[in-house]
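Engineer: Here is what each chain is made of, one letter per residue.
2 protein chains.
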Amino acid sequence: MDLLKELRGFLPDDQVTVNQTVLEQHSRDESYHAPHLPDVVVFPKSREDVSKVLQFANKHQIPVVPFGVGSSLEGHVIPYRGGITLDFQLMNRILEIRPRDMLVRVQPGVLRTQLNKELSKHGLFFSVDPGADATLGGMAATNASGTTAVRYGVMRDQVRDLEVVLADGRIIHTGGLSAKSSSGYNLTGLFVGSEGTLGVFTELTLRVYGIPEATMAARATFPSVKNAVDAAVAIISTGIPVARIELVDAISIKQVNRFSGTDYPEAPTLFLEFHGNEPGLKQDVESATELAMQEGCQGFQFETDSKARSQLWEARHNLAYAFIKASPGKKLMSTDVVVPLTELTGAIEHARQMLDEYGIEGAVLGHVGDGNYHAVLMTDPNNPDDVKRTEHVNASIVEYALSRGGTCTGEHGVGVGKMKYQRQEHGDALDLMAAIKKSFDPNGILNPGKLIPAI
Amino acid sequence: MDLLKELRGFLPDDQVTVNQTVLEQHSRDESYHAPHLPDVVVFPKSREDVSKVLQFANKHQIPVVPFGVGSSLEGHVIPYRGGITLDFQLMNRILEIRPRDMLVRVQPGVLRTQLNKELSKHGLFFSVDPGADATLGGMAATNASGTTAVRYGVMRDQVRDLEVVLADGRIIHTGGLSAKSSSGYNLTGLFVGSEGTLGVFTELTLRVYGIPEATMAARATFPSVKNAVDAAVAIISTGIPVARIELVDAISIKQVNRFSGTDYPEAPTLFLEFHGNEPGLKQDVESATELAMQEGCQGFQFETDSKARSQLWEARHNLAYAFIKASPGKKLMSTDVVVPLTELTGAIEHARQMLDEYGIEGAVLGHVGDGNYHAVLMTDPNNPDDVKRTEHVNASIVEYALSRGGTCTGEHGVGVGKMKYQRQEHGDALDLMAAIKKSFDPNGILNPGKLIPAI
Chain A
4 MDLLKELRGF LPDDQVTVNQ TVLEQHSRDE SYHAPHLPDV VVFPKSREDV SKVLQFANKH
64 QIPVVPFGVG SSLEGHVIPY RGGITLDFQL MNRILEIRPR DMLVRVQPGV LRTQLNKELS
124 KHGLFFSVDP GADATLGGMA ATNASGTTAV RYGVMRDQVR DLEVVLADGR IIHTGGLSAK
184 SSSGYNLTGL FVGSEGTLGV FTELTLRVYG IPEATMAARA TFPSVKNAVD AAVAIISTGI
244 PVARIELVDA ISIKQVNRFS GTDYPEAPTL FLEFHGNEPG LKQDVESATE LAMQEGCQGF
304 QFETDSKARS QLWEARHNLA YAFIKASPGK KLMSTDVVVP LTELTGAIEH ARQMLDEYGI
364 EGAVLGHVGD GNYHAVLMTD PNNPDDVKRT EHVNASIVEY ALSRGGTCTG EHGVGVGKMK
424 YQRQEHGDAL DLMAAIKKSF DPNGILNPGK LIPAI
Chain B
4 MDLLKELRGF LPDDQVTVNQ TVLEQHSRDE SYHAPHLPDV VVFPKSREDV SKVLQFANKH
64 QIPVVPFGVG SSLEGHVIPY RGGITLDFQL MNRILEIRPR DMLVRVQPGV LRTQLNKELS
124 KHGLFFSVDP GADATLGGMA ATNASGTTAV RYGVMRDQVR DLEVVLADGR IIHTGGLSAK
184 SSSGYNLTGL FVGSEGTLGV FTELTLRVYG IPEATMAARA TFPSVKNAVD AAVAIISTGI
244 PVARIELVDA ISIKQVNRFS GTDYPEAPTL FLEFHGNEPG LKQDVESATE LAMQEGCQGF
304 QFETDSKARS QLWEARHNLA YAFIKASPGK KLMSTDVVVP LTELTGAIEH ARQMLDEYGI
364 EGAVLGHVGD GNYHAVLMTD PNNPDDVKRT EHVNASIVEY ALSRGGTCTG EHGVGVGKMK
424 YQRQEHGDAL DLMAAIKKSF DPNGILNPGK LIPAI
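In the order they appear, the protein sequences are chains A and B.
Reading the first sequence from the start, the letters are residues 4 to 458 in my numbering.
Reading the second sequence from the start, the letters are residues 4 to 458 in my numbering.
Heads up, some of the hints might be wrong.
If several chains are the same, the list does not tell them apart, and a pair holds so long as it fits within one copy or across any two.
[Said to hold, decoys possible] Derived DSBU-like pairs: lysine-lysine, alpha-carbon spacing no greater than 35 Å straight-line:
{"no.": "1", "residue 1": "Lys62", "residue 2": "Lys423"}
{"no.": "2", "residue 1": "Lys391", "residue 2": "Lys257"}
{"no.": "3", "residue 1": "Lys124", "residue 2": "Lys441"}
{"no.": "4", "residue 1": "Lys333", "residue 2": "Lys257"}
{"no.": "5", "residue 1": "Lys8", "residue 2": "Lys391"}
{"no.": "6", "residue 1": "Lys229", "residue 2": "Lys124"}
Calculated directly from the structure, the hints in this document are not laboratory data.
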């Protein structure tokens, strides 16, 4: 079948392309996973465009892969079975801001920074911050989170409603404008994190927050990673409502300084942020400082002005890119496990041991307030031995987490990279997931080969 | 088939009964919905008991209805098709408290107050507080919330893992101990709020919180319901993190005073609570007071000692019972809509108009910080005209909410009472819900006739 011709039969010519460069741009994400070309890329402009494409694809059993900016880390957007990639860059409008309802309605191609720029005019912000300037559609598809989840929750906590085009082209809404609901099954939560395998998002209604009265950022350095993690666990367990609490190990600080031009002390560090009213925040900072000191904190450096604060988080966000830049020819493999807080110190020590044992120059960092950390492993995709060795370390870290009630992925998602752990993590529950997939997408056209392993 | 004999074939005699009084206790909930007897009541002691009963019931296509304490408000536990009621009062153990992980593992028959009593020994509390001393299993089944949801979220936000027995007797876990996960579809969120129609809970792992350093409760009286609601909306929109903010109208205050022996001014009132560190809380209280004064607040009365605070919330919790006691022979019909905050004042004014127009002596109260309110309508179940009139008002309130992006039920759930609004609220998404039901429970034995209307 001539896909280009068929699709141009019901879509304007400039919304459908088989240009080689464009196909290549849609053949990969930011991870080490092998690229694969789609047969065609479509740029929908409306829910109706998406619905028409899906009706067509469903009839002819052609795979369809939704695509934001390709910042996924487990191969989610790589079209391993070819077919149609739906790129949402033309559906990037902020449709409605309702400041008093603390809600915003957006198209899936809206970027995180684009949304926050607009929201700031109303004294509001969108809380989820995965580092990458991802699209809101992509963030909902992977249930992204990041540095602020410890205070404001993950993507799933922010989505009130999704407009979804189903495999057969039907358009549904999963929720509404209510702050809560006990009506019907929770389809919103089911679609968030479904990685394009159950339906394609064409609109999102999201919860937003008022910009806090006061914000304070800080860096706390420790003699060891263990001390830093123990301090983080103490701060969280005490109930201090930190807005961010990030572990950055010494190797990562080196990369930060090199890439971002900072001169932070090259020691295990917690990056912290506090939000609140002035007096409450002051008290929170005091309590946190005290707990950090009890863990041997060697310096608690406050970033009071907004420029230094921005630089701090900018540096943290750019860490993955810093590693990528520092390792030419290599690609990023990142673990993303979560463990209960009481298991966190042991888990991070185990990860460090594995890295040392296998001679991998990687970093350990992450969202320790949630028990979520990343071992950043650079690997050479053209060197099978290197990939195998790195994958072995990756697997060992995942096994450690799963054996302690943890999860194989806290925020990156399953994609193709974490599929092999799904049975071990979910047991027979995986069969229920497969049954849902089968019932929502009987022809298996929606991002096939992702999330749910062939059973 | 002799159900008693068959069930006693694989369960101890004292765990299975057809005693008439026991059957009657399991024929109703706290609502106006007509009672119906189960054929037999089973008291499981373990997941294995539940699994055996479900395997048996599935084989013989016998309905199974899980039962906590019967405090549901939409007929959820009424076995309209007879069959087996599973009463969880013997599965009422707190299995594990992990204070540093802020987690607790419980059996489904554990009561809310029982859990909080135990947690308080560790400086912890469980946040969800629906008023009734319900079981945790029942609260998860209906996605209950209540007064503290505005700060801590609803039941769905607290559940980390469910052990669920499926219709065919298989036992699965929906989650784990992680604070967040992007692994697989979100089955935990799907089962929470499924009202016993997708599986039966045998264990719950729940998030708990540290008891806040400082707590302050207050009553603020206003010249009108509109002023009270506008003040609440202003407080929420400003981002003051109130822990509770409840509207209690003048009629309800009268009932409170009569039933609970208080002497609160009989005017539209907000009941508030603040949690935080001392200085932060003080600032929050000041900001809230200022906003209330701008809406004509006639008195901001603080309940500083813990006894007066307990009395305040006790009085609020007993409101439903106060109305029931004040109307002998009548039963409770409660609306439970949620609307976006900007629609709340209009919605409550509309509800008040409907009550006046139809001469129904009812109250309007609720969790206004979430946009969730209840019109409490007492009706005589033996007077069809009375029921019809009350149902008409109920329907009109629901229609108003749905037409403004709201939901027909914020926390009570669908049961049988809100089934008729499911198509209107969910549109084609209801077909997806029905498909999930069909795939999880192909023989339709799990709480049949609830939540999902026959399609």
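Engineer: Taking 35 Å as the upper bound on the Cα-Cα distance, should Lys62 and Lys423 be classified as within, between, both, or neither?
Structural biologist: Close inside one copy (30 Å) and across copies (34 Å); limit 35 Å.
Engineer: As a check of your reading, is Lys333 near Lys257 (CA-CA no more than 35 Å) within one copy, between copies, both or neither?
Structural biologist: within (18 Å within a copy, 72 Å between copies)
Engineer: Pop the pair Lys391 and Lys257 into one bin, within, between, both or neither, using alpha-carbon distances up to 35 Å.
Structural biologist: The answer is within: 27 Å in one copy meets 35 Å, while 73 Å across copies does not.
Engineer: As a check of your reading, is Lys8 near Lys391 (CA-CA no more than 35 Å) within one copy, between copies, both or neither?
Structural biologist: neither (42 Å within a copy, 60 Å between copies)
Engineer: If the cutoff is 35 Å on CA atoms, where do Lys124 and Lys441 land: within, between, both or neither? Let me know, please.
Structural biologist: neither (44 Å within a copy, 47 Å between copies)
Engineer: Taking 35 Å as the upper bound on the Cα-Cα distance, should Lys229 and Lys124 be classified as within, between, both, or neither?
Structural biologist: Between copies, since 29 Å is at most 35 Å while 41 Å is not.
Comparing the model with each numbered hint stated earlier shows that hints 3 and 5 do not hold.
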